[in-house]
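Visitor: Starting from the structure of chain A, add chain B where the hints point.
Protein chains: 2
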Amino acid sequence: MKTLKIIKIGGNIIDDTKKLPSFLEKFASLKGPKLLVHGGGKLATSMAQQMGIEVKMHQGRRITDADTLDIITMTYAGKINKNIVATLQAYQCNAIGFSGADGNTIIAKKRPIEAIDFGFVGDITQVNTSILDVLIHNHITPVFCAISHDEQGQLLNTNADTIASELAIAFSENYTVELYYCFEKKGVLQSLQDEDSVIQTIHQNKYPSLIQEGIITEGMIPKIDNCFYAINHNVHKVCIGLPHMIFNPTSIHTTIQK
Amino acid sequence: MKTLKIIKIGGNIIDDTKKLPSFLEKFASLKGPKLLVHGGGKLATSMAQQMGIEVKMHQGRRITDADTLDIITMTYAGKINKNIVATLQAYQCNAIGFSGADGNTIIAKKRPIEAIDFGFVGDITQVNTSILDVLIHNHITPVFCAISHDEQGQLLNTNADTIASELAIAFSENYTVELYYCFEKKGVLQSLQDEDSVIQTIHQNKYPSLIQEGIITEGMIPKIDNCFYAINHNVHKVCIGLPHMIFNPTSIHTTIQK
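Residue numbers (UniProt numbering), protein chains in the order written: chain A, 1 to 258; chain B, 1 to 258.
Only chain A is shown next, with the shape it has when bound in the complex:
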């Protein structure tokens, strides 16, 4: 099977007007089939502030009311996605921007209201790669923003890490998929005080103790859960680290292992 690289970038690259084009230039030059997933960074929050719309959070997670969903759709699928696509075109990488509604690629259901109503947030139920396969076969690079839909006309805000892992799993039927989560550190750190204390391999059987010991905490837990979910569902390779790891595979980063 051919190798497909799926790369997720977040706010630390998207919000940086120097890092983003430099990353995209290198991404464009990557040989072989590839797919980019991007988060939204801080743009949605600053847009909401500029428009006088209150940003509602619950335990660090955004509550997506109708106004917030509009802002997310405008910034993620509009400004960020289209500028990434236009920049990739400038580097001769023929890209097409996607939300999960486009091509009916990522279907989700609105998260049920329990103790808290997170609003228009989607939990993915199905990924359709057939039209993406056709595009990749035609040397197109899909660029996904973190929005899904419910097939009833409703767009849904969806975690970008999860979109990346669900796409990776779905593509693993037809490709050897490598999934790279880029973030602001060289990898998962043994000690947050030491940027070089990268844990180079996280085995599944060691993961619970890393949580118990307080080494992996808070926001890193759902991220690494996503990684294990992917590696346990036929994704060939899952890595976390600086974008550098994609272009220089021998550079230090964290690899997730079954």
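Everything labelled a hint here was simulated from the structure, so no lab data went into it. There may be inaccurate statements among the hints.
[Unchecked claim] Heads up, simulated DSSO-like pairs for lysine-lysine below, C-alpha to C-alpha not over 27 Å straight-line:
1. B:Lys56 - B:Lys110
2. B:Lys56 - A:Lys110
3. A:Lys223 - A:Lys42
4. B:Lys18 - A:Lys110
5. B:Lys109 - A:Lys26
6. A:Lys2 - A:Lys258
7. A:Lys18 - B:Lys206
8. B:Lys237 - B:Lys26
9. A:Lys19 - B:Lys110
10. A:Lys185 - A:Lys19
11. B:Lys109 - A:Lys18
12. B:Lys206 - B:Lys186
13. B:Lys18 - A:Lys109
14. A:Lys109 - B:Lys26
Guide: Using the frame of chain A, we list chain B on its own:
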């Protein structure tokens, strides 16, 4: 050759929360290859006002500075485009949203600064339909917003009527293209006071006198120029009127003829 219907809708449909889903339901049920082009309606203007960004106009035409381009990208390619795509999916029409940067489909150059600097406005230089052909062959309906790019990473605000006519011309190599411009009237009117005074056919040789007599004026002139440009470049059929004309071909509308 197969028939491809290209339909352009404007503000009178996009801004109307009842008309838009009802139009999209009927559009979804249209048999055969089809493509939708949408303008932006009033949303960009109201967004700019909400964000405290001045809307600059010159003789009725918007001046697209960097802030305005951002708003246009957010509203046209983000909110409007993705909601149209999600609604079409709900009606079992598998759509993918496009700007001209996506798939490198619509290339333009920034309009040169002459007496007035219109800013980030694009004049189309090239249309690439090859990837759109692949998608249409795979029963996908492309949905275009009115944004092009310059292949150097710059998005450009571009007239939606022109995007529709340029796509129609480019597709005429491989399809019998029917181009429908939907607007708020039954067709081009002989008298603006009489909504039923539709001129059913405008022949090229009669067009100059209609302008001279003041029957076709102002904003209608560039629209009908676009129509003639299309019909003179191998587009099979060009019509102007209410959306009704697409679904009921015998209903009154204006047809442009060489």
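Visitor: For every hint, state whether the structure bears it out.
Guide: Status of each hint after checking the structure:
no., hint, result
1, B:Lys56 - B:Lys110, "18 Å, holds"
2, B:Lys56 - A:Lys110, "40 Å, violated"
3, A:Lys223 - A:Lys42, "18 Å, holds"
4, B:Lys18 - A:Lys110, "24 Å, holds"
5, B:Lys109 - A:Lys26, "26 Å, holds"
6, A:Lys2 - A:Lys258, "22 Å, holds"
7, A:Lys18 - B:Lys206, "56 Å, violated"
8, B:Lys237 - B:Lys26, "20 Å, holds"
9, A:Lys19 - B:Lys110, "26 Å, holds"
10, A:Lys185 - A:Lys19, "14 Å, holds"
11, B:Lys109 - A:Lys18, "25 Å, holds"
12, B:Lys206 - B:Lys186, "20 Å, holds"
13, B:Lys18 - A:Lys109, "25 Å, holds"
14, A:Lys109 - B:Lys26, "26 Å, holds"
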